[in-house]
Amino acid sequence: GVLNMAKTNNPSATANRAPGLTQAAAIAETIVDHVARELGVPQEQVREKSLKPKTGAVDQTGQTILQWNVPDLWQQAKQEMEFTKREAEHAVFNKANRFKKRASAMQPLKYAIGYLNMSGAVVTVNV
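Heads up: the sequence shown begins at 82 in the working numbering, then just goes up one per residue.
In short, the hints are calculated from the structure, not lab data. A couple of the hints might just be wrong.
Simulated crosslink set (DSSO-like; lysine-lysine; CA at most 27 angstroms straight-line) [what the hints assert, rightly or not]:
no., residue 1, residue 2
1, Lys159, Lys130
2, Lys133, Lys159
3, Lys130, Lys166
4, Lys133, Lys191
5, Lys166, Lys176
6, Lys191, Lys159
7, Lys166, Lys181
8, Lys159, Lys176
9, Lys182, Lys159
10, Lys135, Lys191
11, Lys159, Lys181
12, Lys182, Lys166
13, Lys133, Lys166
14, Lys166, Lys135
15, Lys191, Lys130
16, Lys159, Lys135
Restraint ranges, calculated between C-beta atoms of paired labels, are given here [what the hints assert, rightly or not]:
no., residue 1, residue 2, range
17, Ala105, Glu168, 24 to 34 angstroms
18, Gln126, Thr103, 21 to 31 angstroms
19, Ala177, Leu132, 26 to 36 angstroms
20, Thr136, Ile112, 22 to 32 angstroms
21, Thr111, Leu132, 13 to 23 angstroms
22, Asp153, Gln104, 21 to 31 angstroms
23, Glu163, Ala105, 24 to 34 angstroms
24, Val83, Asp114, 50 to 60 angstroms
Every residue gets a Cβ at the ideal spot worked out from N, C-alpha and C, and that includes glycine.
Based on the provided sequences and hints, a complete structural model is requested.
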């Protein structure tokens, strides 16, 4: 086949993925941060307690999410990257350094794909 390319000043007219996701994520993370600060616990603990249950998880439309394995992936990630140990090491480093700081974070993320129960999940781990 032949591929023809054209340069244009017009913006793309295709659908963009998840309009409003950035704003919704910022609001959700602000809430998580506030709850964690009020309770005096790490944000990851609030996120972990807020995960949908392994069985009986439903999406925003009320459909059951099949093969929901995020709670298992969360535990696996915490274990494999030694998250608790890293947090302790960061606390020691941060106490010894006034301006230079270190931190680790774990954030679950699930994209809803259509309404045909094709739900999937991505667990993003920022280290």
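Evaluation of the provided hints:
| no. | hint | verdict |
| --- | --- | --- |
| 1 | Lys159 x Lys130 | holds, 14 angstroms |
| 2 | Lys133 x Lys159 | holds, 17 angstroms |
| 3 | Lys130 x Lys166 | holds, 20 angstroms |
| 4 | Lys133 x Lys191 | holds, 11 angstroms |
| 5 | Lys166 x Lys176 | holds, 16 angstroms |
| 6 | Lys191 x Lys159 | holds, 18 angstroms |
| 7 | Lys166 x Lys181 | holds, 19 angstroms |
| 8 | Lys159 x Lys176 | holds, 23 angstroms |
| 9 | Lys182 x Lys159 | holds, 21 angstroms |
| 10 | Lys135 x Lys191 | holds, 14 angstroms |
| 11 | Lys159 x Lys181 | holds, 24 angstroms |
| 12 | Lys182 x Lys166 | holds, 16 angstroms |
| 13 | Lys133 x Lys166 | holds, 25 angstroms |
| 14 | Lys166 x Lys135 | holds, 26 angstroms |
| 15 | Lys191 x Lys130 | holds, 16 angstroms |
| 16 | Lys159 x Lys135 | holds, 17 angstroms |
| 17 | Ala105 x Glu168: 24 to 34 angstroms | holds, 27 angstroms |
| 18 | Gln126 x Thr103: 21 to 31 angstroms | holds, 25 angstroms |
| 19 | Ala177 x Leu132: 26 to 36 angstroms | holds, 33 angstroms |
| 20 | Thr136 x Ile112: 22 to 32 angstroms | holds, 26 angstroms |
| 21 | Thr111 x Leu132: 13 to 23 angstroms | holds, 19 angstroms |
| 22 | Asp153 x Gln104: 21 to 31 angstroms | holds, 30 angstroms |
| 23 | Glu163 x Ala105: 24 to 34 angstroms | holds, 31 angstroms |
| 24 | Val83 x Asp114: 50 to 60 angstroms | holds, 53 angstroms |
Of the numbered hints given earlier, the model fails none.
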